[in-house]
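*Asks:* Residues per chain are reported as follows:
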Amino acid sequence: MHVLGFVVNPIAGMGGRVGLKGTDNVVEEAVERGAEPVSGERAIRTLKMLVKARVEYKREIPITWVTVSGSMGADLLEKAGFSPEEYVVAYECGGTTTRKDTQEGCREFQNRNVELIVFCGGDGTARDIFEVVDAETPIVGIPAGVKMHSGVFGVNPESVAEVIIAFTEGNLGLSEVEIMDLDERAYRKGEWKIDLHGIAVTPFEETYIQSAKMMVRGPSEEELKREIADYILELMEENTLYILGSGSTLKAVGEELGIDKTLLGIDAVINGNMIEKDLNEKELLHLLEKYNDSTLIVSPIGAQGFILGRGNQQLSPAVIRKVGIDNIMVVATPAKLQRTENLRVDTGDMELDKAFSEKRYFRIITGYHTMAVRSVEVQVAGR
Amino acid sequence: MKRNPTAFLKEEYQKLVEQNLDWKLRVLEGPSAPRSVVEGKKVLMLCSNNYLNLSNHPRLKKAAKDIIDTHGVGSGSVRAIAGTMDIHMEVEKALARFKKTEAALVYQTGFAANSGLIPQLVDKGDLIISDELNHGSIIDGVRLSGADRAIFKHRDYGNLEDVLNEAEKENYRRILIITDGVFSMDGDVARMDAIVNLAEEHGAMTYVDDAHGEGVLGENGRGIGAHYNLEGKIHVEMGTFSKAYGVVGGLIAGSRDLVNFAFNKSRTWLLSASHPPQVAAAQLAAIQVLESEPQHWKRLWDNTRYFKKELKSMGFDTGQSETPITPVIVGESSVAKALSDKLFENGVFALPIVFPMVAKDKARIRTMMNAGLTDEDLTDALQAFEKCGKELKII
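Chains as they are written, first to last, in our numbering: chain A, 1 to 383; chain B, 1001 to 1395.
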């Protein structure tokens, strides 16, 4: 029997149709503007798919749910056709639910050692959960929010049911994904800022390679990250400043170098040694003044595949200009690349964006001596 | 602590069993035929690669039986030392004639061809460019080579061109573009005309793994080269005798230079024994049947067109297949597994391909057409699909 957490943010997604970029801190306004709840229905689509797989397709799916009361979980499980023996309410929420209820619920889930937390919401909900659970607990999101930049969401509610089934059958590995969120307060002041809040784990299909009769398992994500790191090490030249972007692929590069690369920050390396870490724009510009040759290594971040302009605002137009577009190196595991069709940039500088458009595509290192090529699209904030 | 040298055998196997990823071998009682007996149950066989049903052809069976009387049952050696018999040479001559190339070479298996030849064609300082959905044996061949690797998006030749342009920035000695001819999961076909054009522009070598195209594509099943009128223009046409030809063995067809290079350098070819004479005799007979009995090839395509058309009119999604590989895409993995089980109960043997092997919403039953299926067989198969599809509310 698998013990899974289930929580729904009942107000997620309400801001979208009434022109708000989320419901963080403005739920009353959303309701006044006529917003209606959407997340419950989406969560039910996932749950119903599970019930259908059991009844009609004879899949076992041995799950005990740990959930929150009422519209945050229990009511939906009941409505979808799960029997009362199949779920326990670990936390009672009040009449008006808030992010605190989501977080208290998830704390309770952890106390009961859930193997996976299934939630329904958007970036804000993902972030709320990520803040209170330990980073090793896998999270998967049923998409219902206005903003979904984080990598934890399924494509649609039904696909999340597939992930849950495969997870209970032990057929999925875990993959690291970014938890990202728009700074809504800044946004309402006209500023577009998407922050990288952390790296969570989510169940993920490993890379499969086509084979004659079926498929065989390819190398794991971790092995591929090491391959990429080994290759980067081979490519590194003496007396060149290497600026390493954020994310787990570049952390792996740091590990191969034997340095303590920050997960979320931008660090600088020269001749195999880390000289400074967690740099801001000013510090980066200062370093770039000192060294003639530099290379910036970045990896696509979040669900939309941004290499610049989301979650790494330190890499400002001035920094990018100083490094030079042709000295930007992109790395990504094949699995990550599968999720991101094209690369995106949004530098906030029209001329620089134009230069990226003209470059058209980037070479991406995807393994040891292995590359792919992907188009780069300019996508300006808010659009 | 003293190590247990073999504990992992059981542990790792158990893990596969728990994850339902272990292979459960289904035993055929008797021949692989359109109507086979699988685990005691009579079923319509819709998942074999025996496209033309040549494995049961009287001429192949007779050729194999007869040569045992004159040549024995084993070849005694590797080809390079004392294991090349007249029958082996005859097969290669006939194959080159059939494929309209200068020369041809037979390998022990298709896997041996890919994993033996690819690492010889490219090495350090070279680049190999591969379709992302290429077969596992190509990927192994590529991994054995010291060359740099680039992966292009599946059948996206604009992306291939971007890769080639990017590659021109490095000073590569050789560039090899490699692709499956027919992709075995979806039944779609590589655009060899586009690949050959790009390759000519960039001075790159072309290599196609035509395992599912040999005996199937092109007039009378001459393969993908004939399909695109590119005979002799693809540098390496690699294929197999194990599918439409109905026997076993890998093959390459191309220039005399290619063949001379290949058999002198491929370690798999040099270090495993040659096929026993009855295998070679059956291979030769298969080529002769393809040359003189076009009805099998025609029947395969008639069956394919009919089967696809009927499935579509019932409301099944058969994807983008252009070949006898006909996926029946049903969406969720659970549905595909349930459909496969139900079909088996109803006398149709067709395996499900599910997430995470294909995308979450693209789980499917993969069916392969066969020239040996009669009108009655097809009617039975289609009726079973209709019945099971309706029961599971797929259609």
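Hints in this document: simulated from the structure, not taken from any laboratory. Everything numeric in this text was worked out from a predicted model, so none of it was measured. From the three backbone atoms N, C-alpha and C, an ideal C-beta is built for every residue, glycine too. Misleading hints may appear alongside valid ones.
[Stated by the list, open to error] Computed list of lysine-lysine pairs in PhoX-like fashion (alpha-carbon distance at most 25 Å, straight line):
id : chain 1 : residue 1 : chain 2 : residue 2
1  : B       : Lys1342   : A       : Lys48
2  : B       : Lys1387   : A       : Lys52
3  : B       : Lys1093   : B       : Lys1062
4  : B       : Lys1153   : A       : Lys322
5  : B       : Lys1387   : B       : Lys1041
6  : B       : Lys1169   : A       : Lys58
[Said to hold, decoys possible] Some residues of chain A that are not near chain B, with every Cβ distance over 12 Å (derived):
id : residue
7  : Asp134
8  : Asn280
9  : Ser294
10 : Pro317
11 : Val323
12 : Ala372
*Asks:* All hints are to be evaluated individually against the structure, with a verdict given for each.
*Replies:* To see whether the hints hold, each was checked on the structure:
| no. | hint | in the structure |
| --- | --- | --- |
| 1 | B/Lys1342 / A/Lys48 | holds, 22 Å |
| 2 | B/Lys1387 / A/Lys52 | holds, 19 Å |
| 3 | B/Lys1093 / B/Lys1062 | holds, 21 Å |
| 4 | B/Lys1153 / A/Lys322 | violated, 32 Å |
| 5 | B/Lys1387 / B/Lys1041 | holds, 19 Å |
| 6 | B/Lys1169 / A/Lys58 | violated, 55 Å |
| 7 | Asp134 | holds, 25 Å |
| 8 | Asn280 | holds, 33 Å |
| 9 | Ser294 | holds, 19 Å |
| 10 | Pro317 | holds, 25 Å |
| 11 | Val323 | holds, 18 Å |
| 12 | Ala372 | violated, 5 Å |
Consistency note: the structure conflicts with the earlier hints numbered 4, 6, 12.
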